[in-house]
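Enquirer: Chain by chain, the residues:
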Amino acid sequence: MKTTDIKLKPSLLALFVVSTLLSGCGDDDEVVVTPEPTPPAVVMQTYTVTVTNLTANQPMSPVIVASHSADAMLWQAGETASLAIEKMAEGGDTADIAALEAVTNSVNGAGMLMPGMTETLTLTLAEADVANLSLVTMLVNTNDAFTGVNGVNIAEMDVDIPIMMHYMAYDAGTEANTEAKGSMPGPADGGEGFNAARDDVNFVHIHPGVISQYDGLADSVLMPSHRFDNPVLAVTITRTE
Amino acid sequence: MKRTLVNASLLAAGLLSLSTQAADIEVSVTNLTHGNHFTPLFIAAHTSDSHLFHVGEMASPALQKMAEGGDIADLDTAVTGTNGVTSANPAMGLLAAGASVNDVMLDTADNTHLSIVAMVLPTNDAFIGLDSWKIPTEAGTYTVYINAYDAGTEANDEIINGGGMSGVAGIPAAPGGNGGANGTGVMDGADNMYVHTHPGVLGDTDPAGGPSDLDSRIHRWLNPVAKVVVTVK
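These protein sequence lines map, in sequence, to chains A and B.
If you read the first sequence in UniProt numbering, its first letter stands for residue 1, the second for the next number, and so on.
If you read the second sequence in UniProt numbering, its first letter stands for residue 1, the second for the next number, and so on.
None of these hints come from the bench; they were simulated from the model.
Misleading hints may appear alongside valid ones.
Stated by the list, open to error - To give an idea of the chain A side of the interface with chain B (calculated C-beta under 7 Å), a few residues:
1. PHE194
2. ILE206
3. ASN230
4. PRO231
Ideal placement from N, C-alpha and C gives every residue a C-beta, glycine not left out.
Start from the sequences, fold in the hints, and give me the full structure.
Expert: Right under this line is the structure:
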């Protein structure tokens with residue numbers, strides 16, 4: 001295990017430093033109680049997640065890749081969206097998802113994932129934390145469209161045998177698809193992100209697509225290029241070690 | 001644990017004798033659309049050589065009845081007549097957007113393939129379709145996402161007029177109570193008479209006129225329109 005391969009979030013890095021300091025001045029018992037793995041003692045696995053935005057003109061908010069327990073799902077079609085999903089789907093804010101109790105590790109993309117662009121994220125996990133992996137991102141020129149991976153099991157993956165999948169766009173059902181000026185955070189509008197009000201069907205479903213001002217929705221600020229069809233996201237997950 | 005062992009032995013027996021063992025399956029269907037209803041679902045286990053529909057071929061009269069008016073009686077008669085096993089209308093009526101019907105039990109007997117259809121309302125002749133999906137022999141849970149097809153039997157004029165009989169123009173109803181009236185009719189220019197992937201509905205934002213009686217903010221969809229989860233016991 002090369003320490004250069006271990007990529008931790010700044011907050012986790014801080015914990016790591018603290019735990020190292022603690023174990024440096026204490027005895028072995030303290031290693032057991034430290035909340036984060038001590039690299040020399042724990043087998044780590046590294047996963048790369050490569051995402052490509054397949055849409056015509058829907059930038060995607062910085063992706064979050066999260067590892068979590070096998071019994072957790074970030075969303076369920078037909079069920080009400082959680083507040084964490086609502087904040088992500090309406091405004092691209094993934095902080096609540098990273099903070100979910102079931103999430104053991106997470107990493108965010110460097111920035112917006114523009115149409116046609118590809119980004120590779122790396123997640124290094126203690127072997128004991130390897131279970132399921134999810135990924136979500138908002139289509140930002142919409143009211144509350146999002147896409148992602150909802151709990152794929154990575155525990156059985158062999159090294160360098162990738163999983164490749166395409167994913168569809170979901171509607172969080174938490175904000176009406178008005179496409180109206182001031183209602184969407186993306187560059188097409190520059191409007192509002194998260195709003196606590198729920199004024200749509202209030203269940204997660206497959207997004208019906210955007211209409212645009214050219215297709216009969218008079219108040220829409222969206223253009224035909226903001227329309228999309230499924231699939232909207234390509235994802236390749238590879239266990240590299 | 002005990003159940004797993006039993007299934008393993010059944011599977012082994014099936015492989016050795018090269019015969020198909022009776023399998024119990026549980027089927028769940030979720031309506032993934034924003035605002036469309038499904039008419040009574042028709043779930044059928046049948047042999048590999050029968051189909052409820054075939055993309056690229058003309059719809060049978062029985063399929064047309066289902067796609068234009070939600071009537072699954074003829075499909076049920078056809079499948080049960082060839083020793084298929086069916087569940088007709090497991091949701092006991094319409095399946096609303098976001099709703100699911102769970103744990104539909106089928107003892108598939110010698111039938112190896114699964115098909116599922118239901119009309120999408122409000123449309124002229126759209127239906128959700130799973131066409132002859134091979135039922136896995138290994139116990140487990142399998143998820144399949146399915147698309148909306150156009151039966152190719154009726155022009156998509158998007159007029160809600162109660163027309164649900166085969167060959168009668170128009171849409172039977174908008175069960176959500178959100179349909180319009182007095183639309184002038186969409187001329188969609190299609191002459192494809194074969195079952196094909198539905199292009200989606202147009203709709204408009206004028207409930208009292210415009211070309212369509214559908215609402216573009218409520219009744220549009222993108223595929224997939226339904227999620228099917230099959231549990232093989």
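Enquirer: Confirm or reject each hint.
Expert: Here's how the hints hold up against the structure:
Annotation: interface hint on A:PHE194 violated; nearest CB of chain B at approximately 21 Å, more than 7 Å. Restraint check, A:ILE206 versus chain B: the minimum CB separation of about 4 Å is within 7 Å; hint holds. Evaluation of the A:ASN230 hint against chain B yields a held restraint, the C-beta minimum of about 6 Å falling below 7 Å. Checking A:PRO231 against chain B: minimum C-beta separation of about 10 Å lies over 7 Å; hint violated.
Consistency note: the structure conflicts with the earlier hints numbered 1 and 4.
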